[in-house]
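Put chain B on the given structure of chain A with help from the hints.
Residue strings, one per chain:
2 protein chains.
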Amino acid sequence: MTANFAPGPSQLYFTVPDHARVAFRDGITSLGHRTREFEKIFQSATEGLKELLGVPSNFHIFFASSATEIWERSIQNLVDEKPFHFVNGAFSNRFYEIGKLLGKNSTKVEVAFGHGFDEKVNVPADVEMIGITHNETSTGVSLSLDFINHFRKTNPNSLIVVDAVSSLPYPEFDYSKIDSIFFSVQKGFGLPAGLGVWVVNDRCMAKAEELISKGKGVGTYHSLPFYLQNAKKHQTPETPNVLGIYLLSKVVEDFLRKGIQAIRKETEYKAAILYQVLEKHEVLSPFVIEKQSQSKTVIVAQCGDRTDRIYEHLKSIGLHAGDGYGVLKKIQLRFANFPAHSKEQFEALVDSIERFR
Amino acid sequence: MTANFAPGPSQLYFTVPDHARVAFRDGITSLGHRTREFEKIFQSATEGLKELLGVPSNFHIFFASSATEIWERSIQNLVDEKPFHFVNGAFSNRFYEIGKLLGKNSTKVEVAFGHGFDEKVNVPADVEMIGITHNETSTGVSLSLDFINHFRKTNPNSLIVVDAVSSLPYPEFDYSKIDSIFFSVQKGFGLPAGLGVWVVNDRCMAKAEELISKGKGVGTYHSLPFYLQNAKKHQTPETPNVLGIYLLSKVVEDFLRKGIQAIRKETEYKAAILYQVLEKHEVLSPFVIEKQSQSKTVIVAQCGDRTDRIYEHLKSIGLHAGDGYGVLKKIQLRFANFPAHSKEQFEALVDSIERFR
Chain A
3 MTANFAPGPS QLYFTVPDHA RVAFRDGITS LGHRTREFEK IFQSATEGLK ELLGVPSNFH
63 IFFASSATEI WERSIQNLVD EKPFHFVNGA FSNRFYEIGK LLGKNSTKVE VAFGHGFDEK
123 VNVPADVEMI GITHNETSTG VSLSLDFINH FRKTNPNSLI VVDAVSSLPY PEFDYSKIDS
183 IFFSVQKGFG LPAGLGVWVV NDRCMAKAEE LISKGKGVGT YHSLPFYLQN AKKHQTPETP
243 NVLGIYLLSK VVEDFLRKGI QAIRKETEYK AAILYQVLEK HEVLSPFVIE KQSQSKTVIV
303 AQCGDRTDRI YEHLKSIGLH AGDGYGVLKK IQLRFANFPA HSKEQFEALV DSIERFR
Chain B
3 MTANFAPGPS QLYFTVPDHA RVAFRDGITS LGHRTREFEK IFQSATEGLK ELLGVPSNFH
63 IFFASSATEI WERSIQNLVD EKPFHFVNGA FSNRFYEIGK LLGKNSTKVE VAFGHGFDEK
123 VNVPADVEMI GITHNETSTG VSLSLDFINH FRKTNPNSLI VVDAVSSLPY PEFDYSKIDS
183 IFFSVQKGFG LPAGLGVWVV NDRCMAKAEE LISKGKGVGT YHSLPFYLQN AKKHQTPETP
243 NVLGIYLLSK VVEDFLRKGI QAIRKETEYK AAILYQVLEK HEVLSPFVIE KQSQSKTVIV
303 AQCGDRTDRI YEHLKSIGLH AGDGYGVLKK IQLRFANFPA HSKEQFEALV DSIERFR
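Protein chains in written order, with this note's numbering: chain A, 3 to 359; chain B, 3 to 359.
Looking at chain A on its own, in the form it has when it is part of the complex (with noise of 0.2 Å):
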């Protein structure tokens, strides 16, 4: 038994190096961005992602490169002057500086890295987008769904942007309560990195418009207007990452003929299992205390000065744990809970901390 915990880039999906193999076979690796051939794989992604998401057909789905031009996308289409970021560790934070680099006027409400938010947060009904990262992989923090959803109430002028890099697709989100979300595909869909999925409904097209009838810049080609104009045609505005595109496509019929139910369930008890052997354990603990706040798809668990044993003793029966975020490397791991993860590799990692003293 082998496994690669890291939580991305991650264990590859069990299907994808079949895939890869039919797309050198076939020519996938050589199709023009043009074709009809395109076209296909194109709307294939984008319409299988909608379905095993259930994403509503107010929305759209462009390909970033990645999340991370994600962020920066985000601000710049979506941000005239104020966005506003719940921030618990190193990415919400990012995304956070994003905004800062590109001359806004960013504000944030941020607590201690391990924690989530207070309901209670009063959050500037002036603020025109609200970042808010569902699953902080740095520290395996996840914002419950009732948080994410109360803000359409609360501030009904604000876009609500919803980071789920690591978390999609394990989440069942309330289309209506969101305006946007995205993620990238090394984590949550097994495959290769080099690819950013991006959804956005109509209230975003909305305000990119309004930004460029004000005179404001919104990117290039990567705006949401250039964006749609090609996606209309199931195109993108530049040569994209084919091969990753298509990538996706086939995994996302995978997940689909698996069902998107058999999928959370799966993540749910893999997650109880390593959770409980947290728990319990004389030597280890879960980082993440809040029981509401607990990841299901980045689980860390504070390892103190035994991280190095921990983790060598992991390696030595082939299972790979991740690191710990940054300055945390020294006294946590992560171990990441995707659909590539199997049940049998989950049992063998709990077993094996189990046995660990």
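Treat the hints with care, as some may be off.
Repeated chains share a single entry, so a pair holds when one copy, or any two copies, can fit it.
SDA-like mimics (lysine to any residue), calculated; alpha carbons at most 25 Å apart, straight line [what the hints assert, rightly or not]:
1. Lys42 x Gly328
2. Lys106 x Gly217
3. Lys42 x Phe358
4. Lys293 x Asp28
5. Lys317 x Arg36
6. Lys216 x Val329
7. Lys345 x Thr4
8. Lys234 x Asn95
9. Lys84 x Lys218
10. Lys234 x Lys331
11. Lys234 x Ala127
12. Lys331 x His117
13. Lys235 x Asp325
Keep in mind that the hints were calculated from the coordinates and are not lab data.
Showing chain B alone in chain A's frame:
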């Protein structure tokens, strides 16, 4: 014999499928971009490229997702107000348009499709950047190296930025006469699409720093200073297309083994036999008439009302011509002449064009 002469995405270099197989086998497709293994791949790709193309040490190599992105990042990082462009086709015009979308005071000199430029054109002394498309992929016009090189003298204060998307690795640029070049890998490097390569010197770095010191925006994660800060560690600012960078490093090794002079000679031989058959042909002719403007790497045939017939004739023997660009699709065919296209493929192409009446 089968061959794909579309000018990009084009035919893969023959070693690429094997390199991809190894990448999937060895876990490159799940490799973290903050690991030592990734840093080695980054270093191998950038140092290999410098050796292959003869790029001096005062230049840096950064990775973007496409050449389209590099158009945008070039204007953002190198221009406050005034970019100047040489426009003689669809792609050089798009570079110009990107500047306008970014709110710059862009100017251009434009000639008809299929032509090069008069060296006596005066470029205003105060333009900050001169954008030159070395090889116009839409029309098969290549500008001479003498033309590119003379701006250092006439416009010493301007940054000279060369779009070499569909010509590298063939041309032997004089890097003391230019400040930046860029290309995308799905053309002359015979790789799957999804990666752009940006080469900049210290003058470009200084310009970006100057813009920042004036409080001007230069973008976020793909600004030149942020690129450099990461590249010093052989890393990228964001999770990149790791597989793409790995495959590039491997093809660069292959090109180095073959030798850049052998690649250049082969390119010239293949171009010569194709232009020769077009010149002598009863019904076809080269679209670009001026000999000094005829691209060696994208060769455009004027086919008139025979376009469909010759396309089908070639296709029937496994040779896929590239369509003419845009409205020229009805009357032209394009033939990429990249290192991936073998002498045997070109000889078969030339033979079957010769037999066509």
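Quiz prompt | Numbers of unmet hints, in rising order | solution = Numbers 3, 4, 6, 11 - these are the hints that the structure violates, sorted from lowest upward.
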